[in-house]
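Chain residues, written in single-letter form:
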Amino acid sequence: MAKGGFQKRSKASSAIPTSSLADMAFLLLIFFMVTTTFPNDKPRRINWVEAKAAQKTSVKQKNILNVWMQKDGSVYINDQKWPMEEVHQYVAPIYAKSAKHLVIDVRGDRDVPYRFMDQLQKQLVAAGVVRVVFGAKLETQTQRERR
Amino acid sequence: MAILNQKKSKVSDEIPTSSMADIAFLLLIFFLVTTVFPKDKGLSVVLPEEGVTAQVPQKNILHLIIQPNCMVRVKHGEAAQEQIEQPADVQGVWRQTVADNPNLIAAVKTDPNAPYKCMMAVLDALKLANADRISLQMLGEK
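Line order of the protein sequences matches chains R and X.
Per the numbering used here, the first sequence starts with residue 1, numbered consecutively.
Per the numbering used here, the second sequence starts with residue 1001, numbered consecutively.
The reader is advised that the hints may include incorrect statements.
To be verified - When the alpha-carbon atoms are kept at most 30 angstroms apart in a straight line, the in silico DSSO-like pairs for lysine-lysine are as follows:
id	chain 1	residue 1	chain 2	residue 2
1	R	Lys71	X	Lys1059
2	R	Lys81	X	Lys1059
3	R	Lys100	X	Lys1075
4	R	Lys71	X	Lys1010
5	R	Lys60	X	Lys1041
6	R	Lys56	X	Lys1039
7	R	Lys81	R	Lys97
8	R	Lys52	X	Lys1010
9	X	Lys1059	R	Lys42
10	X	Lys1039	R	Lys122
11	R	Lys122	X	Lys1010
12	X	Lys1041	R	Lys62
13	X	Lys1059	R	Lys100
14	R	Lys137	X	Lys1041
Keep in mind that the hints were calculated from the coordinates and are not lab data.
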């Protein structure tokens, strides 16, 4: 009797089923492929400003709009040049669509005269944008000595 | 001789593949953990809403006037005298002044021809001094 019961038990498999392992791996892979977002514009060539207090912008990538300003004061948004007066017309609908979560990352060349920056800020205020990040590279000790 | 040959042929000449999945997962997890995406960095500022103007008494304002050569003219509220400072020294100025007056507001007024980096240097110094009430203006406007 006792011996028979023991034999019955030992028939149950003690191994973890591995047949669905590949499915799970693929599900994970597809999940991360779908949820990963990359910035949709190409970085422009600007001379970055440096700042010691620069902090990571802890905002989801899809809620960041990069606004590039080159040395001559020309504004580029999503790889396209925009006249200064039309910036607020372009930004306002994007801002509304993001339910006011949008953060503008202003990336200006270090040598752009401030009057262009001021115009840009006025455009952003006109578009209703509140949260702005002045993009900067983190300043390190060696860079400071060079300046 | 013949027995020896038979013995040798029993050794498998295939690479064992049963642990390949484990190795693949180890690699996957390793790269998942070590990958760092470049994060955007910058100084965050909250812009005022359109049409909203706040009236601030002069004594609560620290005027920081940025000149085209990057030097900063510092003026305390209604006081007439000014000091010329380096952008990096604004940090100390703010810390000293805010210790006396906790309601202090930094009014950064930049000359239209001053390069952007000068304004950023001052803003950086203010951020390093934990200033959170900052007003960005251009010189020559009301």
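Hint by hint, here is what the structure shows:
1. Restraint check for Lys71/R and Lys1059/X: the C-alpha separation of about 37 angstroms exceeds 30 angstroms, so the hint is violated.
2. Taking the CA atoms of Lys81/R and Lys1059/X, the gap is about 43 angstroms. The hint is violated against a cut of 30 angstroms.
3. This hinted pair does not check out: Lys100/R and Lys1075/X have alpha carbons roughly 36 angstroms apart, beyond 30 angstroms.
4. Between Lys71/R and Lys1010/X, the direct Cα distance comes to roughly 75 angstroms. Violation of the 30 angstroms bound is thereby established for this hinted pair.
5. Restraint check: the Cα-Cα separation between Lys60/R and Lys1041/X comes to about 13 angstroms, which is no more than 30 angstroms; the hinted pair holds.
6. Pair hint Lys56/R plus Lys1039/X holds up; C-alpha atoms about 6 angstroms apart against a cutoff of 30 angstroms.
7. Between Lys81/R and Lys97/R the CA atoms are separated by roughly 21 angstroms; this keeps the pair inside 30 angstroms, and the hint holds.
8. Between Lys52/R and Lys1010/X, the direct Cα distance comes to roughly 68 angstroms. Violation of the 30 angstroms bound is thereby established for this hinted pair.
9. A hinted pair counts as satisfied when its Cα atoms are at most 30 angstroms apart, and Lys1059/X with Lys42/R does not qualify at roughly 46 angstroms.
10. About 27 angstroms separates the Cα atoms of Lys1039/X and Lys122/R, which keeps this hinted pair within 30 angstroms; it holds.
11. The suggested pairing of Lys122/R with Lys1010/X is violated, with an alpha-carbon distance near 82 angstroms, which exceeds 30 angstroms.
12. Distance restraint check for Lys1041/X and Lys62/R: the Cα-Cα separation of roughly 16 angstroms lies within the 30 angstroms cut-off, and the hinted pair is therefore satisfied.
13. For a cut-off of 30 angstroms, the pair hint linking Lys1059/X to Lys100/R is broken: about 34 angstroms separates their Cα positions.
14. Restraint check for Lys137/R and Lys1041/X: satisfied, since their Cα atoms lie roughly 6 angstroms apart, inside the 30 angstroms limit.
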